[in-house]
Amino acid sequence: MSVAIETPRSPRPVRRQRRFNFEKWGWIYMRASGVVLVVLIFGHLFVNLVAGQGVKAIDFGFVGGKLSQPFWQIWDTLLLWLALIHGANGMRTIVNDYASNRLVRRIFKGALIASTVLLLLLGTLVIYTFNPCPAGSPADLLPSFCAAP
Amino acid sequence: MSNAVLENRPAVPEEIPTFTATLIIRRFDPEVDEEPHWQDFDVVMSGTDRVLDALHKIKWEQDGSLTFRRSCAHGVCGSDAMRINGRNRLACKTLLKDLDLSKPIYVEAIKGLPLEKDLIVNMDPFFESYREVQPFLVASSKPEKERLQSPVERARFDDTTKCILCAACTSSCPVFWTDGQYFGPAAIVNAHRFIFDSRDEGAQTRLDILNDKEGVWRCRTTFNCTEACPRGIQVTQAIAEVKAAVLRGRP
Numbered sequence: 200m201s202v203a204i205e206t207p208r209s210p211r212p213v214r215r216q217r218r219f220n221f222e223k224w225g226w227i228y229m230r231a232s233g234v235v236l237v238v239l240i241f242g243h244l245f246v247n248l249v250a251g252q253g254v255k256a257i258d259f260g261f262v263g264g265k266l267s268q269p270f271w272q273i274w275d276t277l278l279l280w281l282a283l284i285h286g287a288n289g290m291r292t293i294v295n296d297y298a299s300n301r302l303v304r305r306i307f308k309g310a311l312i313a314s315t316v317l318l319l320l321l322g323t324l325v326i327y328t329f330n331p332c333p334a335g336s337p338a339d340l341l342p343s344f345c346a347a348p
Numbered sequence: 334m335s336n337a338v339l340e341n342r343p344a345v346p347e348e349i350p351t352f353t354a355t356l357i358i359r360r361f362d363p364e365v366d367e368e369p370h371w372q373d374f375d376v377v378m379s380g381t382d383r384v385l386d387a388l389h390k391i392k393w394e395q396d397g398s399l400t401f402r403r404s405c406a407h408g409v410c411g412s413d414a415m416r417i418n419g420r421n422r423l424a425c426k427t428l429l430k431d432l433d434l435s436k437p438i439y440v441e442a443i444k445g446l447p448l449e450k451d452l453i454v455n456m457d458p459f460f461e462s463y464r465e466v467q468p469f470l471v472a473s474s475k476p477e478k479e480r481l482q483s484p485v486e487r488a489r490f491d492d493t494t495k496c497i498l499c500a501a502c503t504s505s506c507p508v509f510w511t512d513g514q515y516f517g518p519a520a521i522v523n524a525h526r527f528i529f530d531s532r533d534e535g536a537q538t539r540l541d542i543l544n545d546k547e548g549v550w551r552c553r554t555t556f557n558c559t560e561a562c563p564r565g566i567q568v569t570q571a572i573a574e575v576k577a578a579v580l581r582g583r584p
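Chains A and B, in that order, are what the protein sequence lines are.
So the mapping is simple: the numbering used here equals the position in the first sequence, first residue as 1, plus 199.
So the mapping is simple: the numbering used here equals the position in the second sequence, first residue as 1, plus 333.
The shape of chain B in the complex, shown without the other chains (with noise of 0.2 Å):
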């Protein structure tokens, strides 16, 4: 009896092994910088940490100019999204250990939209045509009451309510790069998301805005947009469902 206390003795928590990593940071500081430049750190990270965790070290530790966007830093806001090694993630979301970590790891600012500073860009163009689509709930009947909906309902939307706004996919997408007034993959994800549902009844105006020259029927089936969507939403088949919704007139 007397040594059940020291069986149960929490175990001594193991020294989490750290590694050296190698950032290759793109920099552009508008009031000195002419062009961007590649600018690389050395910071010692563990196991556990994030590319975001780097990123703060560099800021914290050696580098206080370093300006990225991130607010909850836990791939809910969509603050943080950036292009690693070549493909859009969340930096919040993506580990260390799953980059191979003998090469540097390259991290620059999401294509496509005007660089601002750094891993800054600007946002407005995105969150544009994101507002022209309508993204809101249209229906006529007065909130006195629920509008009832069956999980069936609820369901078909589903996929495109994850939604986080990060850019990831409308940056990532070869259209939108040289096309700035595509719409984007975000912009047709968030209309798919009342298109689909029951209870919207504004489906028919936003068909009818993505029935456009710039609408959904620029969009070449690359997928770059699902594979970049760090919620696993399956853009390119959303958008796949827009165009036959255009097609028949209805949802």
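With the rest of the complex left out, here is chain A (with noise of 0.2 Å):
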């Protein structure tokens, strides 16, 4: 004879996750926005910082003729929308960690959202319109490379 007893411990139900884990995702974001930082970054300063005349040949028309060329404009791009997504995220786990006032992290994170888009934004603005000699400008307030009008 054998007594059967059913799960004598049934678990508590248990709630299934939501389709979209924004912790989960923001986990990883941090580690594959790293790996791709870690080459953007060090990439951005040899070419800025060592490479051909080094540190001396950045002026105002190094950048201009960087910010010219395709290749530059989609490093920055890349560069800028990682890095401050990036930061913008490493801040948001640090409110989460120290701002216990339910108010002050409402509003501590709608800062950090609305300065990181704001910045986004402006920042790829000036990527992709960026002209060191805009036409009709006084010619004194122009770099010496601009062709004259």
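Treat the hints with care, as some may be off.
No more than 30 Å apart at the CA atoms, straight line, and that leaves these computed lysine-lysine pairs for DSBU-like [to be verified]:
hint: 1; chain 1: B; residue 1: Lys436; chain 2: B; residue 2: Lys390
hint: 2; chain 1: B; residue 1: Lys495; chain 2: A; residue 2: Lys223
hint: 3; chain 1: B; residue 1: Lys495; chain 2: B; residue 2: Lys475
hint: 4; chain 1: A; residue 1: Lys308; chain 2: B; residue 2: Lys546
hint: 5; chain 1: B; residue 1: Lys546; chain 2: A; residue 2: Lys223
From the derived model, a few chain A residues whose C-beta atoms are all more than 12 Å from chain B [what the hints assert, rightly or not]:
hint: 6; residue: Gly242
hint: 7; residue: Phe259
hint: 8; residue: Pro269
hint: 9; residue: Asp275
hint: 10; residue: Ala282
hint: 11; residue: Ile284
hint: 12; residue: His285
hint: 13; residue: Ser299
hint: 14; residue: Thr315
hint: 15; residue: Ile326
hint: 16; residue: Pro331
Hints were generated in silico from the structure; no laboratory data involved.
Using N, Cα and C, we set each Cβ at its ideal position, and we do this for glycine too.
Take the two lone chains, each set in its own frame, and fit them into one complex as the hints suggest.
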């Protein structure tokens, strides 16, 4: 004779995860963007500070020249978006850790997302619309390499 | 032949050198004090003594109101985790001679859990999150015969079986200090112990529980927990393995 006891302790029902788990994807984003950023940042530093004439080469013309090439436009766009979102997500976790007041947390996170979006839009705008020699500007405000109008 | 007895006579045990240790203990009596305060005690101890022996000596000979938990006093029960010189240690496993005795030894309760009295904290939130990960074998087969397991399968989770639930890791975690909702390292370690057990069938449930806002993703890999563990469990590694299992969706 045997006594069957079916599931003496039935575990507490677990709420299934929502389809999109923000914390999980945030964590994955930090790892993935971190790897790419290592390449992008050191490439950026090498080209600006070491290659060619080194750090002395950096001036308005150098930056203007870089931003006129599609390669560096894409490089800088990736750098901007990945690094800014990486930093903002890091700030978000710090706010989660240290802002215990609900209202303060909301304010911090709101300010964080607003400044991140603003900087992303402004930065992207500058990368793709930067023109070192805008037409119709007074000649004394233009750098020397601009062709005379 | 006659002096063989003399030669074999046990040597007279050497006098164990003694020294004076100063302990500065964070005291708190909820019936009297508004805030915790530090109080120092001088005790004469010997080189074989542990911090727990010093606490005993204070309680038994100087101030009977000193309150702390200890049960087995030999590093197994996990009752006497406390912050010794700013690091979470078991008082019964910390030898005084290993500490810098030229300076006072600071002893206080573990952080992040509600302080009840002197070195005693309320452990309920700690055990609450421990219970939530279902730290028991979940198996549908009836226990009519042994559930066999190979040595390799057993070794997979060997490290996390060592946990004694002393809360040294969880109360050393900076995320836990500021966010009491975080499961904490100890709960994740005990989930790891069953998630990677080949006989267990509840891994998916536990992974779902830990794939939560307050689950494994709160871990910042600061390694405080690994440093604090008196059993030498690689806590941070265990948490990372659970993270990887959550990403895979299976152990």
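Output the numbers, in ascending order, of every earlier hint that fails for this structure.
13
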